[in-house]
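S.K.: Read top to bottom, the protein sequences are chains A and B.
The first sequence begins at 1 in UniProt numbering and counts up by one.
The second sequence begins at 1 in UniProt numbering and counts up by one.
Watch out, some of these pointers could steer you wrong.
Which copy is meant is left open, so a pair is good if it fits within one copy or across any two.
As the list claims (entries may be wrong) - Heads up, simulated DSSO-like pairs for lysine-lysine below, C-alpha to C-alpha not over 30 Å straight-line: (1) Lys194 <-> Lys273; (2) Lys212 <-> Lys15; (3) Lys31 <-> Lys63; (4) Lys65 <-> Lys418; (5) Lys166 <-> Lys65; (6) Lys336 <-> Lys15; (7) Lys212 <-> Lys336; (8) Lys212 <-> Lys194; (9) Lys283 <-> Lys418; (10) Lys212 <-> Lys12; (11) Lys56 <-> Lys268; (12) Lys15 <-> Lys53; (13) Lys31 <-> Lys418.
These are calculated hints, taken from the structure and not from any lab test.
There are 2 protein chains.
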Amino acid sequence: MDINNYIVTKAKNAKLAARTLSTCTTNTKNKALLNMAAALMSNAQSILDANKKDIKNAINEGKNKAFIDRLSLNNDRLESMSNGLKDVASLPDPIGEGIRSWKTEDELKINKIRVPLGTIGIIYEARPNVTVDAAALCIKSGNSVILRGGSEAINSNLEIYNTIYKAAISSGLPEGCIEFVDNTDREIVNLLMKLNDYVDVLIPRGGAGLIKNVVNNSTVPVIETGVGNCHVYVDSDADTKMAEDIVINAKTQRPAVCNAMETLLVHKDIAEKFLPHLGETLKGLGVEIRGCNETQKFIPNIIQATEEDYEIEFLDLILAVKIVDSLDDAMNHIYKYSSKHSEAIITNNYLNSQRFLNEVDAAAVYVNASTRFTDGGQFGFGAEIGISTQKLHARGPMGLNELTTTKYVVYGNGQVRK
Amino acid sequence: MDINNYIVTKAKNAKLAARTLSTCTTNTKNKALLNMAAALMSNAQSILDANKKDIKNAINEGKNKAFIDRLSLNNDRLESMSNGLKDVASLPDPIGEGIRSWKTEDELKINKIRVPLGTIGIIYEARPNVTVDAAALCIKSGNSVILRGGSEAINSNLEIYNTIYKAAISSGLPEGCIEFVDNTDREIVNLLMKLNDYVDVLIPRGGAGLIKNVVNNSTVPVIETGVGNCHVYVDSDADTKMAEDIVINAKTQRPAVCNAMETLLVHKDIAEKFLPHLGETLKGLGVEIRGCNETQKFIPNIIQATEEDYEIEFLDLILAVKIVDSLDDAMNHIYKYSSKHSEAIITNNYLNSQRFLNEVDAAAVYVNASTRFTDGGQFGFGAEIGISTQKLHARGPMGLNELTTTKYVVYGNGQVRK
Chain A
1 MDINNYIVTK AKNAKLAART LSTCTTNTKN KALLNMAAAL MSNAQSILDA NKKDIKNAIN
61 EGKNKAFIDR LSLNNDRLES MSNGLKDVAS LPDPIGEGIR SWKTEDELKI NKIRVPLGTI
121 GIIYEARPNV TVDAAALCIK SGNSVILRGG SEAINSNLEI YNTIYKAAIS SGLPEGCIEF
181 VDNTDREIVN LLMKLNDYVD VLIPRGGAGL IKNVVNNSTV PVIETGVGNC HVYVDSDADT
241 KMAEDIVINA KTQRPAVCNA METLLVHKDI AEKFLPHLGE TLKGLGVEIR GCNETQKFIP
301 NIIQATEEDY EIEFLDLILA VKIVDSLDDA MNHIYKYSSK HSEAIITNNY LNSQRFLNEV
361 DAAAVYVNAS TRFTDGGQFG FGAEIGISTQ KLHARGPMGL NELTTTKYVV YGNGQVRK
Chain B
1 MDINNYIVTK AKNAKLAART LSTCTTNTKN KALLNMAAAL MSNAQSILDA NKKDIKNAIN
61 EGKNKAFIDR LSLNNDRLES MSNGLKDVAS LPDPIGEGIR SWKTEDELKI NKIRVPLGTI
121 GIIYEARPNV TVDAAALCIK SGNSVILRGG SEAINSNLEI YNTIYKAAIS SGLPEGCIEF
181 VDNTDREIVN LLMKLNDYVD VLIPRGGAGL IKNVVNNSTV PVIETGVGNC HVYVDSDADT
241 KMAEDIVINA KTQRPAVCNA METLLVHKDI AEKFLPHLGE TLKGLGVEIR GCNETQKFIP
301 NIIQATEEDY EIEFLDLILA VKIVDSLDDA MNHIYKYSSK HSEAIITNNY LNSQRFLNEV
361 DAAAVYVNAS TRFTDGGQFG FGAEIGISTQ KLHARGPMGL NELTTTKYVV YGNGQVRK
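In isolation and in its complexed conformation, chain A is listed as follows (with noise of 0.2 Å):
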């Protein structure tokens, strides 16, 4: 098999889905939706018994529990992924929305409005309910798809796709709209990392490691999503009921995410009234502490914090603490360590919270409230195809609109330029 033409065959129908999908009505596309929702539930059975294969497979390769949890479907979630769908069926439809329109010098009438990138291809591991959810967001925005899940998932994913499609054919949606890699041979993501002349975007999801080997291999524009070193800040002014609360939020109600914290940083002046409690709760809930030295002061029998644990994501109920001088250290420390994704400070203080607000670099930047809320369900998108961590066309959650690039319609009755 030739590998190049068969990314290459994948890649030119998606291309050329994409033109009529541009021109797609709301009503076709809802009504796809809907009836991919429909499809779901009805071939359950034949998902689910691809997925026990995908289970065993990994059983037999010893991964580990995590892993196993991502990878398995039943009907509980199967339904909850043919609910996104209906949820994205209901979502308003980005694509003709004006942005801004005016009028020029020359009274040429220009309107600004949201078309599709194209064809946005997903490379992603080993959760199948991304095969659903990133070919909804890209159909609603008007995008065509190439999806590339892991190999651990195959079955599953393949069983899905076919379902999803056959569904999104029958309701109208063109040939080649949604396009799945059914080969897991790892040179083909190489190949399609420089298909330029067909893909608009490329968006990994998954791990670190996938997501540096897609930005520093890819020609083609990536978003980049994922990390997140959070760190919340209490000041020396905070609410400690407040601050333990959001604390604990942010570090224990889903630590394996990117929007948890992973480092604290407690002004010295409110560390022996906040930490000793603090650290008990934690301590009960499961939370290995690790700590700089002052932070051992108050919260005894925890482990030292190396330089390396202020650096790295934990994704688990670990939680490094640093005892800072001032509201400069804290943010010298978020400076140095932040990956730039959600970063809180806690504090009654209103010029240190304008401060902090105004001079922390991140996607999103709270005041008393959990890092935990920067997601695109949360803020309201509806739906989410990821958090992008990176400055260009979108940063923080990205919903539909972030799927979509803009155009310029002019308006004239003769102009030409002097």
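Chain B: place on chain A using the hints.
M.R.: Relative to chain A, chain B alone:
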């Protein structure tokens, strides 16, 4: 000299400056821009002397007249550069502008505001004015900038840089806010393209070769500018006088730029009425016409158009002409050959105008106006860093807003995620 150390040091300085610049007041930035404008005029003689060296070298190297013209400075051009700085000072500051604000279901108040990108690298060729224009736009939008101009203009660029940088620093901007690569080793560009830790975006400005090199080799995100294979389609229902005026303007007013027309498409039903007179006029203006077989029936003694003529950007007084059977034929031709920059239809038919605007995918689509209007100044943006021909982040003319990213500023009162 260790060139890696050389460019990394510059990039580090620029990154350090970006942190300070992001919170500079509008007043400080404007004062600096006005002082830079004044310094340029008071140091005019040294700049013109340095420019003479570059011109002498270019002549010795046998560069052509157009090249020498792009490289040459005189008092008028210096004054225009100085006025450019004043214009940028007078534009509204994009930083801090609110894009959207809302309240979530959890009563979080979210503001989406504009913030600087950080550090911008500009890689350009022989025009010394880019040194000033790019620095002005980056500074006003709160970004630090690393300038890497062509070796042919090194003496001019260095004198201009020293002049404006001194004025910037003495006006209170941070050291490193404008860095200039005064080593013309080409390897430095390759190193710069990999400095993701320090540089947030690269904008290449110049010929297709330069842009392709940066797009293919940069791991730093790139905004692609420049290539414009633009079409004007004269529909069967067009006002032929208006069509002729627009065609002549789009082709001849400034043929060497990206928004000039390269191919004219004419509906077969209007060809006999439209083409003979247009052909004479174009020939009188020195335009070389390359036509399809049908075109040659209406404009005698012209060159046969080849496939390649439809593919390339002439950037010269050369025009490809093709007669098409229908609007669909015209749109198919545009779909096949367009670089998605600027596309125009000339028509009085409402339905056709709407179909063209909806179905043609380009940064700017026009009815009854010249493609030459795709320009930051003409669109009313006040200034322009280039015209993006990509779909991510910015599409079409890029002004100050396109040199910014966004940040979500979230005000809470103790919210945690359930």
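S.K.: Under the constraints set out in the numbered hints, which ones does this structure not fulfil?
M.R.: Per hint list: 1, 3, 5, 11, 12 and 13 violated.
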